[in-house]
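> Spelled out, the chains give:
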Amino acid sequence: DAKTTQPTSMDCAEGRAANLPCNHSTISGNEYVYWYRQIHSQGPQYIIHGLKNNETNEMASLIITEDRKSSTLILPHATLRDTAVYYCIVRVPNAGKSTFGDGTTLTVKP
Amino acid sequence: NAGVTQTPKFQVLKTGQSMTLQCAQDMNHNSMYWYRQDPGMGLRLIYYSASEGTTDKGEVPNGYNVSRLNKREFSLRLESAAPSQTSVYFCASSPRTSGNNEQFFGPGTRLTVL
Chain D
1 DAKTTQPTSM
11 DCAEGRAANL
21 PCNHSTISGN
31 EYVYWYRQIH
41 SQGPQYIIHG
51 LKNNETNEMA
61 SLIITEDRKS
71 STLILPHATL
81 RDTAVYYCIV
91 RVPNAGKSTF
101 GDGTTLTVKP
Chain Y
1001 NAGVTQTPKF
1011 QVLKTGQSMT
1021 LQCAQDMNHN
1031 SMYWYRQDPG
1041 MGLRLIYYSA
1051 SEGTTDKGEV
1061 PNGYNVSRLN
1071 KREFSLRLES
1081 AAPSQTSVYF
1091 CASSPRTSGN
1101 NEQFFGPGTR
1111 LTVL
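If you read the protein sequences in the order shown, they are chains D and Y.
Each step along the first sequence adds one to the number in our numbering, with nothing skipped, and position 29 is 29.
Each step along the second sequence adds one to the number in our numbering, with nothing skipped, and position 101 is 1101.
Errors might be hidden in some of the hints.
[What the hints assert, rightly or not] Stretches of chain D that chain Y covers, calculated by requiring three or more beta carbons in the stretch to come under 8 Å of a beta carbon on chain Y:
(1) 36-48
(2) 98-110
[Unchecked claim] In silico DSSO-like links for lysine-lysine, alpha-carbon gap of 30 Å or less:
(3) D:69 with D:3
(4) Y:1014 with Y:1057
(5) Y:1009 with Y:1057
(6) Y:1057 with D:3
(7) D:69 with Y:1057
(8) D:52 with D:3
[Said to hold, decoys possible] Calculated from the model, a selection of chain D residues having no Cβ within reach of chain Y, i.e. all distances over 10 Å:
(9) 10
(10) 14
(11) 19
(12) 53
(13) 59
(14) 63
(15) 66
(16) 67
(17) 77
(18) 81
(19) 91
The set of hints was computed from the structure by calculation and includes no laboratory data.
Note that the coordinates shown come from a computational prediction; the quantities given were computed from them, not determined experimentally.
Ideal Cβ placement from N, Cα and C applies to all residues, glycine included.
Please build the complete structure, drawing on both the sequences and the hints.
The following block contains the structure:
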């Protein structure tokens, strides 16, 4: 799996968009970008994934640069409940193992 | 569907004791995983099972053994617990199909080794 680099922490005002960056400069052509989040001490929760096109679902949007070396997770209207650790992972979908880094701690403030 | 279930939720062991952490999923997923998470850290993969009948080491396999009992169940065993194994243990499963391999996580087992 390609290595990812994320900022250690970020703050965001409630109601504003939260933009979480991830660098994955060694990503291979067949590796997808996945995002998960972990609220408090719960098990991580899947958010979104993509290969090279931008993706959107009910939780978030994923913007992947044209060279695929970085991506941004966007939470369009952050709420206090979005305070969590966000993990960016790159992997081949049907590969066995997956590597989580230390993630970004997002704090949404009133 | 219960998703991924783990037992027990909490456990305290003495150094040298053994125990097995149980994990089961009811989503008919092919792959299952065991991670550990130390305080303030990210998840580290201990072992995984890409499909029924196979297991492979992850980043931190030392001190652990696993058994993929059937498609539903994947257990993690500590033969001789050490204080360094104090951690939160998460089990996960994924369908492992082309194009998507979203992992679903259980609630975790909080283990303290004294």
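> Now, for every hint given, state plainly whether the structure supports it.
These are the hints, each one checked on the structure:
Coverage of the region 36-48 of chain D by chain Y holds. Counting CB-CB distances below 8 Å, 7 residues qualify, and the rule asks for three or more. Coverage of a stretch by a chain is defined here by at least three residues with a beta carbon nearer than 8 Å to that chain's beta carbons; for the region 98-110 of chain D and chain Y the count is 6, and the condition holds. Distance hint between residue 69 of chain D and residue 3 of chain D is fulfilled; the C-alpha atoms sit about 11 Å from each other, no more than 30 Å. Proximity of residue 1014 of chain Y to residue 1057 of chain Y is assessed by CA-CA distance (about 25 Å); at most 30 Å being required, the pair is judged to hold.
Note on residue 1009 of chain Y and residue 1057 of chain Y: the hinted pairing holds, with a Cα-Cα distance of about 24 Å set against a maximum of 30 Å. Pair hint residue 1057 of chain Y plus residue 3 of chain D holds up; C-alpha atoms about 19 Å apart against a cutoff of 30 Å. In summary, the hint linking residue 69 of chain D to residue 1057 of chain Y is supported, as the alpha carbons are separated by about 28 Å, within the 30 Å threshold. A hinted pair counts as satisfied when its Cα atoms are at most 30 Å apart, and residue 52 of chain D with residue 3 of chain D qualifies at roughly 17 Å.
Distance check on residue 10 of chain D: its Cβ is at least 16 Å (rounded) from any Cβ of chain Y, clearing the 10 Å threshold; non-interface status holds. No Cβ of chain Y approaches the Cβ of residue 14 of chain D within 10 Å, the least distance being about 25 Å, so the stated non-interface status holds. With a least beta-carbon separation of about 21 Å from chain Y, residue 19 of chain D lies farther than 10 Å from that chain, consistent with its non-interface assignment. With a cut of 10 Å on Cβ distances, residue 53 of chain D stays outside the contact zone with chain Y, its closest approach being about 13 Å.
Its beta-carbon lying about 12 Å from the closest one in chain Y, residue 59 of chain D satisfies the requirement of being farther than 10 Å from that chain. At the 10 Å boundary, the C-beta of residue 63 of chain D stays outside the reach of chain Y, the nearest C-beta of that chain being 19 Å off. The beta carbon of residue 66 of chain D is kept farther than 10 Å from every beta carbon of chain Y, the shortest such distance being approximately 21 Å. Its beta-carbon lying about 22 Å from the closest one in chain Y, residue 67 of chain D satisfies the requirement of being farther than 10 Å from that chain.
Its beta-carbon lying about 24 Å from the closest one in chain Y, residue 77 of chain D satisfies the requirement of being farther than 10 Å from that chain. Non-interface call for residue 81 of chain D relative to chain Y: holds, since the shortest CB-CB distance, roughly 18 Å, exceeds 10 Å. A beta-carbon of chain Y is positioned within 10 Å of the beta-carbon of residue 91 of chain D; the least distance is around 7 Å.
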